[in-house]
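Asker: So the chains spell out like this:
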Amino acid sequence: MTRILSYLEAVGEALAQELRRDPSVVVFGEDNIGGTGCDGTLGHAWGPTKGLHEEFPDRIFDTPITEAAFVGAAVGAAATGLRPVADLLFVDFAGVCFDQILNQAAKLRYMVGGKARVPLVLRAMWGSGMRRGAQHSQALYPIFAHIPGLKVVVPSTPADAKGLMTTAIRDDDPVIFFEHKMLYFSRGDVPPEPYEIPFGQARIARAGDDCTIVAIGRMVHEALSAADQLAADGVRCEVIDPRTVSPLDTDTIYASVRRTGHLVVVDEANPRCGVAGDIASSVASEAFDALRGPVRMVTSPHAPAPFNPTLEDAYPPSAADIVAAVRATRRRSVHPTMPEQERVS
Amino acid sequence: MTRILSYLEAVGEALAQELRRDPSVVVFGEDNIGGTGCDGTLGHAWGPTKGLHEEFPDRIFDTPITEAAFVGAAVGAAATGLRPVADLLFVDFAGVCFDQILNQAAKLRYMVGGKARVPLVLRAMWGSGMRRGAQHSQALYPIFAHIPGLKVVVPSTPADAKGLMTTAIRDDDPVIFFEHKMLYFSRGDVPPEPYEIPFGQARIARAGDDCTIVAIGRMVHEALSAADQLAADGVRCEVIDPRTVSPLDTDTIYASVRRTGHLVVVDEANPRCGVAGDIASSVASEAFDALRGPVRMVTSPHAPAPFNPTLEDAYPPSAADIVAAVRATRRRSVHPTMPEQERVS
Amino acid sequence: MANDTAGLDRDQLIAGYRTMRTIREFEERVHEEFAGGGIPGAVHLYAGQEAVAAGVCAALADNDYIASTHRGHGHGIAKGCDLAGMMREIYGKAGGLCGGKGGSMHIADFDRGMLGANGVAAGGVPLACGAALSAKLRGTGQVAVAFVGDGGANQGAFAESLTLAAVWRLPVVFVVEDNGFAQSTGTRFHLGGRQVAPRAEAVGISSAVVDGYDFVAVHDATAEAVHRARTGGGPTLVECVAHRFFGHMEGWDRQGYRSPGEVDRLRAEHDCLVLLAKQLTADGSVSTSDLAEIDLAVRARVDEAVADARAAAEPDLDELLTDVYVSY
Amino acid sequence: MANDTAGLDRDQLIAGYRTMRTIREFEERVHEEFAGGGIPGAVHLYAGQEAVAAGVCAALADNDYIASTHRGHGHGIAKGCDLAGMMREIYGKAGGLCGGKGGSMHIADFDRGMLGANGVAAGGVPLACGAALSAKLRGTGQVAVAFVGDGGANQGAFAESLTLAAVWRLPVVFVVEDNGFAQSTGTRFHLGGRQVAPRAEAVGISSAVVDGYDFVAVHDATAEAVHRARTGGGPTLVECVAHRFFGHMEGWDRQGYRSPGEVDRLRAEHDCLVLLAKQLTADGSVSTSDLAEIDLAVRARVDEAVADARAAAEPDLDELLTDVYVSY
Ligand SMILES: Cc1ncc(C[n+]2csc(CCOP(=O)(O)OP(=O)(O)O)c2C)c(N)n1
Ligand SMILES: Cc1ncc(C[n+]2csc(CCOP(=O)(O)OP(=O)(O)O)c2C)c(N)n1
Ligand SMILES: [Mg+2]
Ligand SMILES: [Mg+2]
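Chains as they are written, first to last, in my numbering: chain X, 265 to 609; chain S, 265 to 609; chain W, 9 to 336; chain F, 9 to 336.
Chain X with its partners taken away, still in its complex shape (with noise of 0.2 Å):
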């Protein structure tokens, strides 16, 4: 039996059923409960957090803002029994914390030669779409995939973000856990029960033979609805969603692309040293032999996010983008297909 539900009860009823389960998880950042401190009642607890104060009044609580503290309490507290779940709000915030991220979370466990553990949760709001200008509308993830000692969890579906919420407040090592702002209210079937689903193993989300598309995040859906006007045409596309960017399963992906002899990558970041780039560098690396065509990277230019809303809208890539470079790339296939003992094993 399932339900539906809209991604961010999704991600609040993983909190909830994890809370339930594991006294060490504790979950923590501004407004959380909403207002803590005020007059009368708590006020405006809102997003996935919403409700659980009610539940579980000792173990989910305000912050001030005062990130680089907190993100700091959640990883000490981690390497001290806990199970932290920190709430920055917009990963743009990331930065004003961005050392406990980068040298304290991701390194204490390499730095003391496997002495600690540091089991948290970041959870972060990412992308464009809402409005919010330059300061609110990053992606980032491919900063936090390129920092060793970091998993990097990057849900497309109300489904999946239940189930990788799960796994990251059970997993031993930080998780930064992006939550696109966009997605908030999309909606769909989602189990009741508790349940992982596991890190670094990508989610077909349609199967094809002609060309592979790697879509990370909300990018997952203008790929699916791409893929749709090419079937129109007969080109019958796979659809690859690795849900989680760090670790990778390049193993579905090269597997796919060797089928399809086409790759095309669609990320929302910034194309420089991005995930596109990441992936389609993998794939020019090790399954070179199976490429017919120039791998090719979908992403959001090279600039800050425009407030405008026309201009925003025309900021990250577009459905009409990935058909565009699915067409290119398979326009150009100019590679015989390798003999069998040629292909990369």
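In case anyone wonders, no lab produced these hints; they're calculated from the structure. Source: prediction; values computed, not measured. All C-beta atoms in this analysis are idealised placements derived from N, C-alpha and C, irrespective of residue type, glycine included. Check the hints yourself; a few may be wrong.
[As the list claims (entries may be wrong)] Just a few of them, taken from the derived set where beta-carbon distance is under 10 Å, the chain S residues facing chain F:
1. S270
2. R396
3. P570
[To be verified] Just so you have them, the derived chain F footprint on chain W, three or more residues with Cβ under 8 Å:
4. 150 to 164
5. 170 to 179
6. 210 to 222
Take the given structure of chain X and dock chains S, W and F with the ligands to it, following the hints.
Answerer: Below, chains S, W and F with the ligands without anything else, positioned relative to chain X:
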């Protein structure tokens, strides 16, 4: 007439000459003049700023350990008529002031619709090899190259260090200037007069037709010794030093790969979402038809830097790793050369 | 207050009233326009706090600098930013102060010394220190003001800026606006009910705490701070207490965190405009009809600005990729 | 000082002396070994400040936590880290507390509640707040100590941690070690000659400033703070003034920023070991020969640790890629 200078002296000479030339240039950072406020004499200026205080007592000064404040102050000063050169010491400390780089310096001009300029230089020591451990040995330039609005400079020789610093100070955009700690005492010819080296123009460190090796910073020297070894076997490698990773001179790289048919990128940074994958994916997209073997990326591993010298020496790419990568990609030359009209123009 | 700084004359008081009324009218109107769906994005209204922006900026010269916050409309208006340019920016239209690329959270006007609203709590405070450093080194005698909220005052960047300003003896004034809340979290929690001023004193920065509803009090405290800054005396912190009339962000909260009737009482008993009107009309030098005239004129200007913004064109699509760099 | 916390008995004082002597011997020896080329990397010596680490940790239980700094040898020794394991780590050898992967700047021993030295100024302070949160929520009664230097106290992360600890009423003690310098920059400049304690008071945290050369004074102030933390009274800041004997970092500076003869005077007039020895022998309960015996025993242990570290093997090359994740 040129003299032999160290990389460190070359950076210092650029600072001194620009301070002389332009009264709006100011320099600050921790210990930049060394111990301001102590009883008696100043203590311990070191590095490229050593000695500047004597000539420019009012234009170089120390800061308390307040990176968020003084890097942000550099942004505010740059937007109001100065050309600050701020010193981060180790690039790893970008963690404690990342918001001011990511959300303020990089985005200010765009957010205000072009009404502001932010001509600042942020100096940062980077790289492994000095036995400093995980928090003092990072590369991190891929993180900065990912951010639209920043320019990222990674000089590999004393002459480039001076010319690129001169350009950085005169440039009207925020520049992150990466100084490899293990190159500080490397020496080379440096012209005495002030000169600029334009951003986005790669240097061909060695010409060759058999394989293109793109290498960054200290890796340029590893690539050159790898090229020497390969030349002994008759493999003539072209070694390209991009000098700046943002902007990146892709034209020079594409042109080279179109001649050689092979690409190896050597990047001391960690592998995920790094410059190696960035360059390799661009080539696999824009010069795909020219590739006669898989692209190869040689990087540090997906791990923090270890303290132990034996382990640390095994951490960054070595000439031997590069030789192996070149051999590997050439061994797998499986594609016919494309007929002329198929070439990407 | 030092005598050389106090004593606003009649015209200055009237100008202050006009500024405050303009902000109030502007914000009440943006509130309606947002509700009507005409305005996109995140809008944080300043209504209720007008005396702070107006009082502070009345003590500044045209070429002085201010670094603002996410709640920046009042600061911009008080510093003299063009009303239509601001409204267009809030609508995201061509001809907006940032060409529509910044919006409410990034309104800036460098020609007016307005270095920008900021989407990051306390993010603009170090920028103000930099502007002060620039003024000091260029020897211009300019002063920079850093606005920060009670919540933003808990940011490390704010604490570091206090230290840097003290050590470098910068001509900067930190204006803390305690409006009772950070989003929906009350100062009783996040400041432990305390003031921010002692944090400045702790690093050797003198401070004043004033009634943020009182234009004259805010002006006088700021004027003294500005005088100190201009004469090489270094930084000062001025803490102003004045609660906001609206929620944290338009369309976001229903202010459940406020006690019942709190906002009505606020509007009834702590309206900075009513207070200043009383002060102005007390000695009969200004009549209520004089003020009513101002109110009408202000309304007309705001009407114009809204009409202009609604009618304004969308930015050209090419704008998406311009202004990332001066050159690249 | 509250009576229930003061009054160290003879054995505790002797234990304190042994700890301080061990740190001194350890650091003097590391200084020589580094000069001899045996030790790689960045080493910051604690000599001169021994009474702080020893006094603080004498007031802690075994399962209490400390978060240390880049100058962490003294903290580790005082918290009971294995001497040989520390020395091996400083040499970067197999069997070091971090398997040779951390070095001097990252020595940690979670079994002893030592959460790690830290290469980032004030980087460990939020971690201590987290350990305190953990203790509070798990109801264990443990306390966490955050060590920070005078220079690190200017970091935003430290200021934010004070606020967070106050708001969350955490069982944490902030120990500020004012040793006069941040690298070569003096407190006269970067603290404006001020103390850090008022910054804690400003957010409602009570504080004490003590002579960092006086083991008993440091212990008593810490004991009171620990008592407050254990009994739900929340955080305290203890500021200890004690200058270092060596330069900022081995092989880095010639201490040109110090006035001539400053270090000699320091060693002659402000040696915490001499002071404690005086206190111990004053009433005759302990003889100088008793202390000489301790000194000999300590030297022997340090000799052993050095010999052991020199002889120890290099870590296995596979270690390069282990411990990045628990699972990946
Ligand atoms: C570093 C950072 N953390 C969190 C936020 C989200 N946020 C936006 S406004 C706000 C409250 C700010 O409160 P205050 O500084 O008192 O300003 P006010 O809204 O009351 O004017 C918060 C937490 C932010 N913008 N920046
Ligand atoms: C955030 C950050 N900035 C700069 C440095 C470089 N650094 C290392 S130690 C040090 C001085 C620290 O002074 P203090 O906190 O007083 O500790 P002490 O060395 O005196 O024990 C500095 C600036 C650093 N480690 N971290
Ligand atoms: Mg507020
Ligand atoms: Mg110090």
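Asker: Checking each numbered hint in turn, tell me which of them this model violates, lowest number first.
Answerer: As far as the earlier hints go, only 1 is violated by this structure.
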